[in-house]
Structures are given as structure tokens and as C-alpha cells.
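K.L.:
Here is what each chain is made of, one letter per residue.
Number of protein chains: 2
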Amino acid sequence: MGFEHLKGFRDIFPEDAQIRTDLFRKIEDIAVSFGFSPIEYPSLEPLELFRIKSGDELVKQTFSFKDKGDREVTMIPEATPSTVRLLTSRKDMPKPVRWYSIPRLWRYEEPQSGRLREHVQFNADIFGAESSYADAEIIGLAARILDNLSLNGEYEIRVNDRNLMNHVLRGLGVADRTGTLSVIDHFGKVDNDTLSSELRDIGNDENQIYTIMKLIEKTVKPSALMDLLSSQVFLDDETIEDVNKLEATCSILTRYTRSDVVVNLATVRGLGYYTGIVFEGFDKNGGLRSIFGGGRYDSLAQLVSSQNISAVGFGMGDAVLEILLRRTGKWILDRKLNKYAVCSPSRKLYDQCLEFALKLRNLGIPAITDLNGRSLSAQLKNASANDCDYAIIVGENDLKSGNVTLRELKGGEQKQTSFEDILKDLVKHKGVP
Amino acid sequence: MGFEHLKGFRDIFPEDAQIRTDLFRKIEDIAVSFGFSPIEYPSLEPLELFRIKSGDELVKQTFSFKDKGDREVTMIPEATPSTVRLLTSRKDMPKPVRWYSIPRLWRYEEPQSGRLREHVQFNADIFGAESSYADAEIIGLAARILDNLSLNGEYEIRVNDRNLMNHVLRGLGVADRTGTLSVIDHFGKVDNDTLSSELRDIGNDENQIYTIMKLIEKTVKPSALMDLLSSQVFLDDETIEDVNKLEATCSILTRYTRSDVVVNLATVRGLGYYTGIVFEGFDKNGGLRSIFGGGRYDSLAQLVSSQNISAVGFGMGDAVLEILLRRTGKWILDRKLNKYAVCSPSRKLYDQCLEFALKLRNLGIPAITDLNGRSLSAQLKNASANDCDYAIIVGENDLKSGNVTLRELKGGEQKQTSFEDILKDLVKHKGVP
Numbered sequence: 001m002g003f004e005h006l007k008g009f010r011d012i013f014p015e016d017a018q019i020r021t022d023l024f025r026k027i028e029d030i031a032v033s034f035g036f037s038p039i040e041y042p043s044l045e046p047l048e049l050f051r052i053k054s055g056d057e058l059v060k061q062t063f064s065f066k067d068k069g070d071r072e073v074t075m076i077p078e079a080t081p082s083t084v085r086l087l088t089s090r091k092d093m094p095k096p097v098r099w100y101s102i103p104r105l106w107r108y109e110e111p112q113s114g115r116l117r118e119h120v121q122f123n124a125d126i127f128g129a130e131s132s133y134a135d136a137e138i139i140g141l142a143a144r145i146l147d148n149l150s151l152n153g154e155y156e157i158r159v160n161d162r163n164l165m166n167h168v169l170r171g172l173g174v175a176d177r178t179g180t181l182s183v184i185d186h187f188g189k190v191d192n193d194t195l196s197s198e199l200r201d202i203g204n205d206e207n208q209i210y211t212i213m214k215l216i217e218k219t220v221k222p223s224a225l226m227d228l229l230s231s232q233v234f235l236d237d238e239t240i241e242d243v244n245k246l247e248a249t250c251s252i253l254t255r256y257t258r259s260d261v262v263v264n265l266a267t268v269r270g271l272g273y274y275t276g277i278v279f280e281g282f283d284k285n286g287g288l289r290s291i292f293g294g295g296r297y298d299s300l301a302q303l304v305s306s307q308n309i310s311a312v313g314f315g316m317g318d319a320v321l322e323i324l325l326r327r328t329g330k331w332i333l334d335r336k337l338n339k340y341a342v343c344s345p346s347r348k349l350y351d352q353c354l355e356f357a358l359k360l361r362n363l364g365i366p367a368i369t370d371l372n373g374r375s376l377s378a379q380l381k382n383a384s385a386n387d388c389d390y391a392i393i394v395g396e397n398d399l400k401s402g403n404v405t406l407r408e409l410k411g412g413e414q415k416q417t418s419f420e421d422i423l424k425d426l427v428k429h430k431g432v433p
Numbered sequence: 001m002g003f004e005h006l007k008g009f010r011d012i013f014p015e016d017a018q019i020r021t022d023l024f025r026k027i028e029d030i031a032v033s034f035g036f037s038p039i040e041y042p043s044l045e046p047l048e049l050f051r052i053k054s055g056d057e058l059v060k061q062t063f064s065f066k067d068k069g070d071r072e073v074t075m076i077p078e079a080t081p082s083t084v085r086l087l088t089s090r091k092d093m094p095k096p097v098r099w100y101s102i103p104r105l106w107r108y109e110e111p112q113s114g115r116l117r118e119h120v121q122f123n124a125d126i127f128g129a130e131s132s133y134a135d136a137e138i139i140g141l142a143a144r145i146l147d148n149l150s151l152n153g154e155y156e157i158r159v160n161d162r163n164l165m166n167h168v169l170r171g172l173g174v175a176d177r178t179g180t181l182s183v184i185d186h187f188g189k190v191d192n193d194t195l196s197s198e199l200r201d202i203g204n205d206e207n208q209i210y211t212i213m214k215l216i217e218k219t220v221k222p223s224a225l226m227d228l229l230s231s232q233v234f235l236d237d238e239t240i241e242d243v244n245k246l247e248a249t250c251s252i253l254t255r256y257t258r259s260d261v262v263v264n265l266a267t268v269r270g271l272g273y274y275t276g277i278v279f280e281g282f283d284k285n286g287g288l289r290s291i292f293g294g295g296r297y298d299s300l301a302q303l304v305s306s307q308n309i310s311a312v313g314f315g316m317g318d319a320v321l322e323i324l325l326r327r328t329g330k331w332i333l334d335r336k337l338n339k340y341a342v343c344s345p346s347r348k349l350y351d352q353c354l355e356f357a358l359k360l361r362n363l364g365i366p367a368i369t370d371l372n373g374r375s376l377s378a379q380l381k382n383a384s385a386n387d388c389d390y391a392i393i394v395g396e397n398d399l400k401s402g403n404v405t406l407r408e409l410k411g412g413e414q415k416q417t418s419f420e421d422i423l424k425d426l427v428k429h430k431g432v433p
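Protein sequences, first through last, are from chains U and R.
Under our numbering, think of the first position of the first sequence as 1, with each following residue one higher.
Under our numbering, think of the first position of the second sequence as 1, with each following residue one higher.
A hint or two may mislead.
Copies of the same chain look alike in the list, so a pair counts if it works inside one copy or between any two.
[As the list claims (entries may be wrong)] Distance condition first, Cα-Cα at most 20 Å in a straight line; then the derived PhoX-like pairs of lysine-lysine:
id, residue 1, residue 2
1, K359, K424
2, K336, K26
3, K218, K284
4, K95, K381
5, K189, K214
6, K68, K7
7, K381, K91
8, K359, K26
9, K66, K7
Keep in mind the hints are simulated off the structure, nothing from the lab.
Turn these sequences into a full structure, and let the hints guide you.
P.N.:
Pasting the structure below:
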């Protein structure tokens, strides 16, 4: 007998949950330093809100159902529609609006590495700013988060622009540009022959296919983009403008991070609603899904509530991030406070132990006392098992002379001192005696 | 056109979400200081996990459905079953185990003040300790959280003991003790005549009803409990032991908080699985639902996985807590860092502005730059609208002499200073220049 969690869901125990708590606090603090403010929205929304944006394809992969009031509802599969819903419901917000949120998201699909049925995602968006500075700021935020998690050098940023791609495909005379972008999105997931025949199937001729393959299989520095393109297609003014904007964005981005920024014309991101820059963060060793991804989506507010509000944002999921942090040895708690067990051989002194523990807790220092009436040696053993660093042993005779014993639990070293001196030291050294 | 959130759900905008972020961090920090560690569990669980504990009554009020794999699943309506599931799946945990979690919970019921279809709840449990010290510690944690939120004096703690109640009812010769406890749970929600007839309906005689009413309508100090009981019923040894344990717990509890602790024999808490102490926190002005509630439930681990593990815990929901904090003027952000806008009249200096902003952000200081190519006066206006406290104005001539202008946005006072001096001041005063 016994219950287990559902497939694709996670039980997270303290050894990991503590790291996650710290991780999300760090991410939030960075977002706040960029001037972003938090929002929250329901975990359950009308299914219709997601249909307008992503169509029935996404809906198939949702945990959606009819609630007891016969409404079609869904556990939210992504953050953007709700975020835009909140934005358009508050017309008083001075633009640009910088918002972040850290929702749980749910998708009904086959679980695999870095892809779960439930995950937590950090989301950030800037509304009401269309400049390269806005594009660079949102990507820069993603980069600064990773850099602050000591992942600098471990990832590269791939950028592209959906406008640019549309203009390039138009220059090539491609008729079904949306379909072609969808096929390009498969690059790297299917082999090149399959990709070519998919491109053929939607009406592209051999010249077009040849050129598209030439363009998307290369990854170039932003400064080399113009050359890459002009070697394959005629660049009209609009296309040149797109290239210049993308280059400008990448140039501003170098102020935020030293990570490699490359242009990869295969990076188009599947979702149909991107209207400008698109970007993804990838680990340099490969093999993982994207660490973060996002782009500009200037027409979604129109769909949600007939308002014209430009938008650029990204999401960063916890699953791939955890894999990367583990792989690079960074999945560790780096702000751990020392933890104390206040022990006594005498049950008469339990109130005294509690008094001391409460004083430590008032300073924010983790402190526990015995709850089971155990012997002193059992208390000390339990303190170690419970991850304590120090024991404060309160003995009857010591206490009369105003002293306690401070014992380092790993090494076993101990000294007599007064509790007041322990407190003073803790205040001075912020938890590390 | 436009979408709205579902009934009983909430959109939370920055002005409140910022307060909530701080609030939950504070609560977590206090839990950690008590030696509690975080856990996380899925938002969706097999419906069966909740049926074993709470029966079909609760199930009717869940957001439950069949998933695409035809499994009966539910969005979790409470934290305890999942917490116990995690505990029993990890037999290596040294007892006592102190865990906390902050899940979203969902109940399909008519929304009303302090009762929503989705809410966030802080949960804490101690497993593997049965003493009064354990009982006092869990209630003490709830009290310290409220006290730290400056709510001391605003609430009282009502305690009772399910064992004690069972023994008292046995002493009164009550046949249907579970049924009688369920009726007692209605005290205060229905009038006394209705309550009496409910007690009569399940087989209690007039003497029993009279005595039960006498007992449950009083609220007494823990030290007066023995007198209250002995005035109405004969106390056998077991009952006396229950009273003594409850008194001992209340006495230890006074070490944690100065809040009033009272015994209220009507406090039995509906859920059938409590086996010892039960407790609730109530605002002193009345009118609100309980701020927190919990108790001892030593037999749940047995139901979940045939293990005997004692347990005591509580939940504290965000909805009532917010109402109480608002009512007492404590729904305010008390750790707000000053926010800066780095502005310039010259677009040529935007990179310089960004450089300054990034340096502020590195210190964790919120800083924004213009993203819209606005005039300086529009930038300053936008900075105020975006809740900035200071503007750092970067002018071409000033910069040549190594200076910027630091302007206080509310008062309008400004001075010439070097950016380095601003940084130095910020480091010294942690965000307040």
C-alpha cells in the first residue's frame, strides 16, 4: 500500500527545496533590480484565453476540463496570456510596464528530460516599448540571471527576428511563409533531408529550399549577419532595417553579459504570435532543451482585448535550469546559516533551552530543541542527523556559573562560554560563530 | 471584448504582489529559524489520496476531473495528505521531521470573504514527536509568524483537545461521540436552539445536551479548565491526564507569545482525523474566519502507508491574513528599496545611462533607463509614474567634469555629484542615499 505522485510531477524534498527557495529569491531580486514588479494570476483560466493565441494544437496538450459549473477551464500551460489579460485590464499602468511572475505551469505531454507535466517558470515582460533597448533589456535580464547563478560561459544566446525572416522569405518569393517558418522550427529535430522535403511539400522550389538550408544551418556573429544574408538573397530596405535593428540589439546586449550572442536563422520559435526578435539560451555543451526563450509579440494584446500594446518577454523553466546547475556543480545551497540544537541532560532545563532557542530564532538563526525527552547523547545524535552545525549544551552546574557548552558537531571541539557571548558573536558574524 | 478571471480566483497586481512576496519571505524565514525545511509537492494528485482522509464530503468541493490518461485526479484542496505522502516515502528522515510548504490550494465552493476558490496557504508540520513541547512549538510558530507581522494583540489562540472531548463525552454517556463532535463544530455558526435539536437528533438526552451546551459556550483560561469540567462531569484519570497535558502545552506556549491563549471546548475542527490538540487563531474583533488552524493527527500516516508516525501541524491561508493585515493598517511594504531612473537628454548617452543602471542593479538597487527615446522631461515624468524615488540625470557637459545630477523626484531637490559617490553612499546605507 502507498501512494505515489502522478507521472511527470515531482516530489521535492528539503535538500532540493532549500536550493530552489534560494534560487527563486535570487532570480526575483535580480528582476526587481531591473525595475520589474511581481504579479500573480490564477492557476486556472477559461480555456478560451489560450485558444485565441495558440489554437487547438496547444489545447490538446493542456490539463483542461469542465468545472462543476460547466465552464471549460484549463490549468494554465503558459504565462503570457494571463499576463496580457492583467495588463489590458489595467489601463492606468504607465508604460513601459515591467512585470515578472513565477507561476506553476502544466502541460499534458510525454515527460522527458527537462520537460515535465508540471513545472515552475520565471517569466518577465516589458510592455509598451519597441526599441532595441527594450529587446536588449529583456534578453539582458535573462543573461544576468544566469550569470548571477555562476553560469556565465556555460551558455550562448541565439537570436533571430521573425520580421527579418518574413522579409527574407518574401525576398525569396516563398508563398507560404508561415508554413515555411513552422518547418524551419524543426531544424535540428529532424534530419536535413526530411526538412527539405517538408519545405518542398508546402510549395517551395529547389532554389528556395537550397537557399533556406544555406541560411539556417549557419550560426554567425551578429556583425556577420549582413554578409551571410547578402550572399544568398537580395536585401530590400526593410530587410536591411531589420538586420540593423538586430545588430543594434546585440551590441547593447554586450553591456549586460559577456556570454556569446549569435544569430541563428533556424531559431524561429514555434508559437505563431512572435512579431519581432526571438531568442533562446542554450547550454554550450548541447544536449539540453533551451534554458530560456522568448521574443517580441506586439499583436497579442490586440487579440486579448483590442488594445495595441507592444510586448517583449521570456520564460525560464526550472527543469532545464536545474539540470544545467547540477551538471556544472552549481546545484548547492550557498547561503546556509549555521543551525543550532539547544540540548540539556535535564528535563527540568527544557524551558531554559527553549528560551535560548527563541533568542537565536529572533536573530533569524535556525535553532531546535528536543521534543522527545531523549537523553543528552541521543539529543546530540539527533542534532547531527537533523543537519545542525552546533549544539549548545545547557547543564545545571554550568548554568549556575552562567555558562553553557558550545560544541561543534562535526569536529567535536567544544568550549565553555556564556550564552550571551554566543549571541554577541552571532550578531557580529551573522550566523557564523 | 475581453477576458476575466474565473469567479473565486484573483488577479494580483504589483502593489499587492510586492507585499505578498515580502510577506511569504518573512514567514519562510521564521519557519527556517524554527528549524523547519521546505518541501514541494504536485498541484495535481490522485483523487484517492484525499478520499482516504476526508471522504466524499471534501471530494464534492474539489476541482477534480479525469485526465487524458483517464486517471481520477484533483487539484489539491489541502496540504496535509501530500505532505504525509512525501514523509512516508522517505523512511530515512530522522525524527522529528519539521517541514513547511506554501502550496496553492483549490476548493470548489461559493466564494466569500476570506474564502476563495484558489488560495495560498503556509503549512507547517512536526512528525515523530508527541510531547507538549511539540504541540507548543507548532502553535508557537503560528503565533511568532503573526507577532512578527505586527499582529500581536490582534488575535487570540483557542485550543482544545479531541481526546479530551472524547473522554468527556464518554463520561457523559454520549453514544455517538463522532456525530456529537460534528454538531459541536457548528457552534457559533447556527443558533443554540438549532444546535440543541441537532444534538437531540443524534440521540443525546436533555441532561447531556444541557451539559454539552454549558461546556462549549464558555471560553476559559487554561488554568480554569479543570474547574469548568469538574463542575459539570466526573473526571476519570484519562480525562485528568488530557487536561494536564493541555495545560502544560498552554504553559509552554506562553514562552513563544504574549497573545491570549484560551480553551474553548467548541473548537473541535471539522475534519475527522484529529487525534489530540486542536487549535485556531482568531482575530480579537471577530467577524473573520480563523487566521490559522490545525492540530494533532497521529493516525493519518497509517492510512496513507501503514506507518505509525505522530504528527501535529497547521495551515495559515493568505486570504484571512490579508484582510486582518489590511484592517490593522499592516498591509504595507516595509522593506522597499529606493528605485532609480537613470535619464539623459541625449540619446548618445544612453549606453552611459545603461552602464550606470547596471552598476546600481549589481548592488541589488532597482534602476531603470528610458526605452522609448523620450525627452528628458518625459523621462522624469515617467520615472515618477513608475514609482522611482530618484533620478540620476546624465548630461553631456556634467559628464565631462565627472558629474551627474541626483534629483529627488518627490521633493524636486537636486545636487551635482559624481556617480561613484552615489554608489559609495548606497553601499554604506543599503539603498537609502
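K.L.:
Give a verdict on every hint.
P.N.:
Checked hints:
For the identical chains of this complex, K359 and K424 are intra-copy neighbours only, at 11 Å inside a copy versus 34 Å across copies, given an alpha-carbon limit of 20 Å. For the identical chains of this complex, K336 and K26 are neighbours both inside a copy (14 Å) and across copies (16 Å), given an alpha-carbon limit of 20 Å. In the homo-oligomer, the alpha carbons of K218 and K284 lie at most 20 Å apart inside one protomer (16 Å), although the nearest pairing across protomers, at 69 Å, exceeds that limit. For the identical chains of this complex, K95 and K381 are inter-copy neighbours only, at 11 Å across copies versus 58 Å inside a copy, given an alpha-carbon limit of 20 Å.
In the homo-oligomer, the alpha carbons of K189 and K214 lie at most 20 Å apart inside one protomer (17 Å), although the nearest pairing across protomers, at 74 Å, exceeds that limit. Taking CA atoms no more than 20 Å apart as the test, K68 paired with K7 passes between copies only; the shortest distance there is 12 Å, against 25 Å inside one copy. When the C-alpha separation of K381 and K91 is checked against a cutoff of 20 Å, the pair qualifies only between copies, where the shortest distance is 17 Å, while the shortest distance within a copy is 60 Å. Taking identical chains as interchangeable, the C-alpha atoms of K359 and K26 lie at most 20 Å apart only when they sit on different chains, with a minimum of 17 Å there against 28 Å within one chain.
Within a single copy, K66 and K7 get their C-alpha atoms only as close as 22 Å, which misses the 20 Å cut-off; across copies the closest is 14 Å, which meets it.
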